[in-house]
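2 protein chains.
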Amino acid sequence: MSLPVTYADVVGAIQTLQGVAHRTPVMTSRLVNARTGCEVFFKCENFQRTGSFKFRGAYNAIAHLSSDQRLRGVLTYSSGNHAQAIALAGQLLNIATTIVMPNDAPAVKQAATQAYGAEVILYDRAEITREQLASQLAAERGSTVIPPYNHPQVIAGQGTTAHELLEDVGNLDYLLVCCGGGGLLSGCAIAAHALSPACKVIGVEPAAGDDAARSFKSKTLQTVSNPDTIADGARTPSLGDLTFPLVLHYVHDILTVTDEQLLRGLFYLWERMKLVVEPTGALAATALLEGGAIAPGARVGIILSGGNVDLQQLKHWC
Amino acid sequence: MSLPVTYADVVGAIQTLQGVAHRTPVMTSRLVNARTGCEVFFKCENFQRTGSFKFRGAYNAIAHLSSDQRLRGVLTYSSGNHAQAIALAGQLLNIATTIVMPNDAPAVKQAATQAYGAEVILYDRAEITREQLASQLAAERGSTVIPPYNHPQVIAGQGTTAHELLEDVGNLDYLLVCCGGGGLLSGCAIAAHALSPACKVIGVEPAAGDDAARSFKSKTLQTVSNPDTIADGARTPSLGDLTFPLVLHYVHDILTVTDEQLLRGLFYLWERMKLVVEPTGALAATALLEGGAIAPGARVGIILSGGNVDLQQLKHWC
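Chains as they are written, first to last, in my numbering: chain L, 28 to 345; chain B, 28 to 345.
Hints listed in this document are in silico derivations from the structure and should not be mistaken for laboratory results.
These figures come from a predicted structure and were not determined experimentally.
There is no bait here: all hints are sound.
Derived Cβ-Cβ restraints for the label pairs, each shown as a range:
(1) Pro323/L <-> Gln118/B: 17 to 25 Å
(2) Gly197/B <-> Gly324/L: 41 to 49 Å
(3) Leu275/B <-> Phe294/L: 40 to 48 Å
(4) Gly197/B <-> Asn60/L: 28 to 36 Å
(5) Ala142/B <-> Gly324/L: 18 to 26 Å
(6) Gln42/B <-> Gly324/L: 29 to 37 Å
(7) His279/B <-> Tyr34/L: 50 to 58 Å
So the derived list for chain B, only partly shown, Cβ under 7 Å to chain L, looks like this:
(8) Asn73
(9) Phe74
(10) Phe294
(11) Trp297
(12) Lys301
(13) Gly334
(14) Leu338
(15) Gln339
(16) Lys342
(17) Cys345
From chain L, some residues computed to sit far from chain B (all C-beta separations above 10 Å):
(18) Leu30
(19) Tyr34
(20) Gln118
(21) Leu120
(22) Leu149
(23) Pro224
(24) Gln249
(25) Val251
Cβ atoms here follow ideal geometry from the backbone N, Cα and C, with glycine treated the same way.
Please build the complete structure, drawing on both the sequences and the hints.
Spelled out as structure tokens, the structure:
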């Protein structure tokens, strides 16, 4: 079977992102090592430009467009980290960007996206889906749609996260990665397979939105509808037709954590490691910290995928 | 005039702390540079062991004790970061530590200090001062009191913070440092004077507890009583008889920020830089971010002094 993204694509993305994306730091913690009995390495994508790994895939995808496509601009749908990532990538490459967002998206997210120079178009969830509106607008304008995860160059870009981590720390026994649509997970799994072949790559998703875990076990694509979880980056309805075969091929297992566990993991990262991580960004760390997932003695990589939190929300979580 | 701490003491502390204290990372931010027009370097002592710079001075002071003093143990008074710092330093050097805390100190702080193996003795603020109780206990036990800031080896230890920063980034035009009792400020000013002689070192304290600013301007030691500020690490009544002459000799100015400004600075560090910093730890950054303190074009060092926050408190600040 031919897979839609290869290690060569990840290597290409590294070249493309050179000097543009941050090579984010890898942090360690005596406390975490003592608590888990493992040697743990945290890849801090909360320090990435726009506050999440999404910048890697967005920039890599836009950089691959032809000059004709660049002239006609880029369009995407997201109210989250992918929106800001596309907006900044467009700004840096001097390409017009349009972001389709629901009209109930937080004003701060609209403002952050507009601050990077993107045009924001609001829609009513009750009237149209974001995919419908996006393809309609793209057809009218001739612009290119870059979806949040189901896109080869997006996946390859996200894979550079694990590539950097493994270059910095060497072989790992496990790599834990959060999973929404599977772009980060599949990209990182491709990189790990090439650089540290014995490393088991494990996806972690919220228990309320366990479509990827079910898809992985049944080997048939499963969906979930608007799951109730604080991990807003993992509220995606399903894996994509590109990410799913990659996950099946390269990923060892997919675990879930409840929101109650996730909040404990999140607060641990904030209070003990002094890192502002968003709920989705704490999924992988939580699977480790809550115990049971990894036996002591292992070398473990954890992707902290992002840190975009509105502190006003925190009040509701304490 | 002979000053109580010299650059040689700071160099000695570097040797003592080698392999024991973390060499904490220096972080930069395009956003902050764009906002201020300066090139800004943040020294992240929130990532230091026990979550603040206090570990440097505590360890350095304890490491200088004679073998006889070590046998009889160490005692201090603090409900904050110095307590945990002394407790961990004692644990690492196998020396008994006793911490005198008010009986209304948060249970989490008592527990954190006990977790490092310290004995915690509670007292009633209405009945006795912490200094009285500490000297009484020390006399009974023959143990050595290591106060939070007014101690030569504590000051020298804190100075290693600026020493590392200047080694990492080279000459600076300004170095902004929070100021409570003046241990960190005076230690850092000694290091800056030696390594980057043209660097202006500026202390920053809360407006409600502006005793150091008044002392600096009047050249006479001023005090403040239990000031109302969220910067709990800077609620100290005055500079000490060791730190005051050092501040007068080496420091260029002392500025103040209001709690309203401090909260804006704190939230900026959390939301934009993804760094968990405690209010006192955000004083120096706030003086820069709120504008007016430093003209554009300068190379500026900022000490983020600590990150110990109980997230439950955050609810009251949002």
